[in-house]
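Asker: Chain by chain, the residues run as shown.
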Amino acid sequence: MHSFGYRANALLTFSVTILALMCAMASLSDNLNSPSPTSQIQILNINWFQKQPHGNDEVSLTMNITADLQSLFTWNTKQVFVFVAAEYETPKNSLNQVSLWDAIIPTKEHANFWIQTANKYRFVDQGSNLRGKEFNLTLHWHVMPKTGKMFADKIVMSGYRLPEEYR
Amino acid sequence: MDWQGQKIAEQLMQIMLIVFAVVAFSVGYVMGSFQMMIQIYAGGVVLTTLVTVPNWPWFNRYFLQWLDPSEAEKHPKPQIQPVNSKKKSVKK
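Residue numbers (the UniProt record's numbering), protein chains in the order written: chain C, 1 to 167; chain P, 1 to 92.
Check before you lean on any hint, since a few could be wrong.
Claimed, not checked - SDA-like mimics (lysine to any residue), calculated; alpha carbons at most 25 Å apart, straight line: (1) C:K149 to P:M36; (2) C:K92 to C:T13; (3) C:K146 to C:T13; (4) C:K146 to P:F34; (5) P:K7 to C:A10; (6) C:K108 to P:S33; (7) C:K149 to P:A42; (8) C:K108 to P:V30; (9) C:K133 to C:I46; (10) C:K146 to P:Y29; (11) C:K78 to P:I38; (12) C:K92 to C:N64; (13) C:K149 to C:M25; (14) P:K7 to C:A8; (15) P:K7 to C:G159; (16) C:K149 to P:V30; (17) C:K108 to P:Q39; (18) C:K78 to P:L50; (19) P:K7 to P:P76; (20) P:K7 to P:L50; (21) C:K120 to C:A103; (22) C:K146 to C:V16.
Stated by the list, open to error - Cβ-to-Cβ under 8 Å is the rule here; a few derived chain C residues that face chain P: (23) A10; (24) L11; (25) F14; (26) N76.
Rather than coming from a laboratory, the hints here were simulated on the basis of the structure. In this text the structure is predicted, and so the values were computed from the model without any measurement. Note that CB positions come from ideal geometry on N, CA and C, so glycine has one too.
Whole structure, please, built from the sequences with the hints as guidance.
Answerer: Below, the structure is given as structure tokens:
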């Protein structure tokens, strides 16, 4: 501590170390939060259902997605990334997951939402297995923190079925 | 700074930073604002820098009288005699 530079350096390194500890504690405090999100997805319409030239099935649907994700937000949350995926089984793959829609929720106020939309990303199968296929729609979310650990979870909604024939 | 001042400066710096960190985290957590935590802590770091880093006069109270170089030459450092390996005592 005998010179200005020495003290300035000691202060700088100590303060940054303490800052790292504070951020670690902030991340740990996220574990105290017990979230209770809810969601519902309704398929309003199958817009079309075709077999593409390459032999893969493709579906276009309009969905009504409602969700209340407000309980996911903590003081250490920067944003929540949410997406809807269709999940089903085929002879070739035991699990297919196709992402249909996603969004970024920046604040708690935006987290209680309702949206009616066609699928943002194409619902294409590897092959032509979709006729009469039963599938689940899952709402996944990633809670992105300001510092520290990211939490991810999902809600599975089952009971959806595609038409037997192409339209 | 004198030796006592250096010790005070180091201890004061550590204590001030820790106190500001605890206050900042508590206030930020209770208010639910990460921004608030960072702002309080940043203010604390600046305040601590102003108090402990510059060479303030209160750090220099136990002022040591360093000898003038010419004065030091009049009192030369004692020569250490080469020690005989069997003897344990060191002659001054």
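Asker: Next step is simple, just say for each hint if it's right about the structure.
Answerer: Hints, one by one, checked against the model:
Using a Cα cut-off of 25 Å, the hinted pair K149 of chain C and M36 of chain P holds, with the two alpha carbons roughly 20 Å apart. Straight-line distance between C-alpha atoms of K92 of chain C and T13 of chain C comes to about 56 Å, which puts the hinted pair past the 25 Å bound. Restraint check: the Cα-Cα separation between K146 of chain C and T13 of chain C comes to about 22 Å, which is no more than 25 Å; the hinted pair holds. Straight-line distance between C-alpha atoms of K146 of chain C and F34 of chain P comes to about 8 Å, which keeps the hinted pair within the 25 Å bound.
For a cut-off of 25 Å, the pair hint linking K7 of chain P to A10 of chain C stands: about 13 Å separates their Cα positions. Distance check on the hinted pair: K108 of chain C and S33 of chain P sit about 13 Å apart at the alpha-carbon level, within 25 Å; holds. Restraint check for K149 of chain C and A42 of chain P: the C-alpha separation of about 23 Å stays at or below 25 Å, so the hint holds. With a C-alpha separation of about 17 Å, the suggested pair K108 of chain C and V30 of chain P falls inside the 25 Å cut-off, and the hint holds.
Taken as a hint, the K133 of chain C and I46 of chain C pair is honoured in the structure, with Cα atoms around 13 Å apart against an allowance of 25 Å. For the given pair, K146 of chain C sits about 13 Å from Y29 of chain P by alpha-carbon distance, which is consistent with the 25 Å threshold. Our distance criterion of 25 Å between C-alpha atoms is met by K78 of chain C and I38 of chain P, whose separation comes to about 15 Å. Annotation: proposed proximity of K92 of chain C to N64 of chain C is violated, straight-line Cα distance about 30 Å (limit 25 Å).
Between K149 of chain C and M25 of chain C, the direct Cα distance comes to roughly 11 Å. Compliance with the 25 Å bound is thereby established for this hinted pair. Distance check on the hinted pair: K7 of chain P and A8 of chain C sit about 15 Å apart at the alpha-carbon level, within 25 Å; holds. Proposed proximity of K7 of chain P and G159 of chain C is contradicted: the alpha carbons are some 71 Å apart, above 25 Å. For the hint pairing K149 of chain C with V30 of chain P, the CA-to-CA distance comes to about 20 Å; that is within 25 Å, so the pair holds.
Of the supplied pair hints, the one linking K108 of chain C and Q39 of chain P holds, its CA atoms being roughly 22 Å apart against a limit of 25 Å. Distance check on the hinted pair: K78 of chain C and L50 of chain P sit about 33 Å apart at the alpha-carbon level, beyond 25 Å; violated. About 30 Å separates the Cα atoms of K7 of chain P and P76 of chain P, which puts this hinted pair outside 25 Å; it is violated. Note on K7 of chain P and L50 of chain P: the hinted pairing holds, with a Cα-Cα distance of about 17 Å set against a maximum of 25 Å.
Between K120 of chain C and A103 of chain C, the direct Cα distance comes to roughly 10 Å. Compliance with the 25 Å bound is thereby established for this hinted pair. The hinted pair formed by K146 of chain C and V16 of chain C meets the criterion: a straight-line CA distance of about 17 Å does not exceed 25 Å. Interface restraint check for A10 of chain C: the shortest CB-CB distance to chain P comes to about 7 Å, inside 8 Å, so the restraint holds. Hint status for L11 of chain C: holds, given a least beta-carbon distance of 5 Å to chain P, under 8 Å.
For F14 of chain C, the interface hint holds, the least distance from its beta-carbon to any beta-carbon of chain P being 6 Å, beneath 8 Å. Using the Cβ-Cβ criterion of 8 Å, the hint placing N76 of chain C at the interface with chain P is satisfied: the shortest such distance is roughly 6 Å.
Going through the hint list in order, the structure does not satisfy hints 2, 12, 15, 18 and 19.
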